[in-house]
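Engineer: Here the protein sequences line up with chains P and Y, keeping their order.
Position 63, counted from 1, in the first sequence is what our numbering calls 63; the numbers after and before it change by one each time, with no gaps.
Position 81, counted from 1, in the second sequence is what our numbering calls 81; the numbers after and before it change by one each time, with no gaps.
Everything labelled a hint here was simulated from the structure, so no lab data went into it.
Please note that the accuracy of each hint is not assured.
[Claimed, not checked] To give an idea of the interface, some chain Y residues facing chain P are shown, with a C-beta separation under 10 Å as derived from the structure:
no.	residue
1	Gly1
2	Gln6
3	Ser32
4	Tyr36
5	Leu44
6	Lys49
7	Phe89
8	Lys102
9	Leu103
10	Thr104
11	Phe105
12	Gly106
13	Gly108
Model, not experiment: these values are computed from the prediction.
Each residue gets a CB set at the ideal place from its N, CA and C atoms; glycine is no exception.
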Amino acid sequence: GAGVSQSPSNKVTEKGKDVELRCDPISGHTALYWYRQSLGQGLEFLIYFQGNSAPDKSGLPSDRFSAERTGGSVSTLTIQRTQQEDSAVYLCASSPDRAGGAPLHFGNGTRLTVT
Amino acid sequence: GNSVTQMEGPVTLSEEAFLTINCTYTATGYPSLFWYVQYPGEGLQLLLKATKADDKGSNKGFEATYRKETTSFHLEKGSVQVSDSAVYFCALSDLRGTSYGKLTFGQGTILTVHP
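Please model the complete structure; the sequences and the hints are all you need to start from.
Structural biologist: See the structure below:
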């Protein structure tokens, strides 16, 4: 079946512009995560949606970052007034439930380059 | 808060060598533990997991044992292949509160296996 789909796969933007990154999770998965992977760094947690619960936004690095998940499915991560330090690969993952042992299914990511 | 520490890489081995990648964690309670792998040009995928103390996860010849007394989950393989060349991430899943199921990752270890 279809996996987690992210778009665009690559995005180059000028400093100061806003960008939107999209994630289509696996159908029926209730949990959705955004992570950021920078060169030489691990995966940095950004935000976590679980069903209809309030999202865990504790990983968002600044108020320029926000995310929505509409209808419990598609999610959009928005970065306003992008800075060069925002350049990274943004990964989305989904999981079938909130059980701690359930694996995450990752998309291939969006590579964001801020010039 | 929760954290995961992996041995620093990169790790370079010859084919058929023994592999150990160390992983230790700090967590409240008893998290589930995971190893994820990212092959060149691909997304992250689950390699193995363990959900309670003394459990051993195994897959594709890789093994890791959940050691509560040493808070460790070291990854081992007896004989590596060139095809094992990838980035390996240790992770734990929070099993408490509103962040139930959220994964915290280590920084990743690059493994290169030469013929």
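Engineer: All the hints need checking, so say for each whether the structure fits it.
Structural biologist: Right, here's what the structure says about each hint:
At its closest, the beta carbon of Gly1 of chain Y sits 9 Å from a beta carbon of chain P; the interface hint therefore holds under the 10 Å criterion. Satisfaction of the interface hint for Gln6 of chain Y is found here, the shortest Cβ-Cβ separation to chain P being roughly 8 Å, below the 10 Å cut-off. Hint status for Ser32 of chain Y relative to chain P: holds, with the closest Cβ pair at about 4 Å, below 10 Å. The beta carbon of Tyr36 of chain Y is positioned within 10 Å of a beta carbon in chain P (closest approach about 8 Å), and the interface hint is therefore held.
With a least beta-carbon distance of about 4 Å to chain P, the hint placing Leu44 of chain Y at the interface is held under the 10 Å criterion. Contact between Lys49 of chain Y and chain P, as hinted, is supported at the beta carbon level, the nearest pair being about 6 Å apart and thus within 10 Å. Residue-level restraint check for Phe89 of chain Y holds (minimum Cβ-Cβ distance to chain P is 7 Å; threshold 10 Å). With a least beta-carbon distance of about 5 Å to chain P, the hint placing Lys102 of chain Y at the interface is held under the 10 Å criterion.
A least Cβ separation of about 6 Å between Leu103 of chain Y and chain P falls short of the 10 Å threshold, and the interface hint therefore holds. For Thr104 of chain Y, the shortest C-beta to C-beta distance to chain P is roughly 7 Å, which falls under 10 Å, so the interface hint holds. The interface hint given for Phe105 of chain Y is met, as the beta carbon of that residue sits about 4 Å from the closest beta carbon of chain P, less than 10 Å. The interface hint given for Gly106 of chain Y is met, as the beta carbon of that residue sits about 5 Å from the closest beta carbon of chain P, less than 10 Å.
Checking Gly108 of chain Y against chain P: minimum C-beta separation of about 5 Å stays under 10 Å; hint holds.
When the structure is compared with the earlier hints, no violation turns up for any of them.
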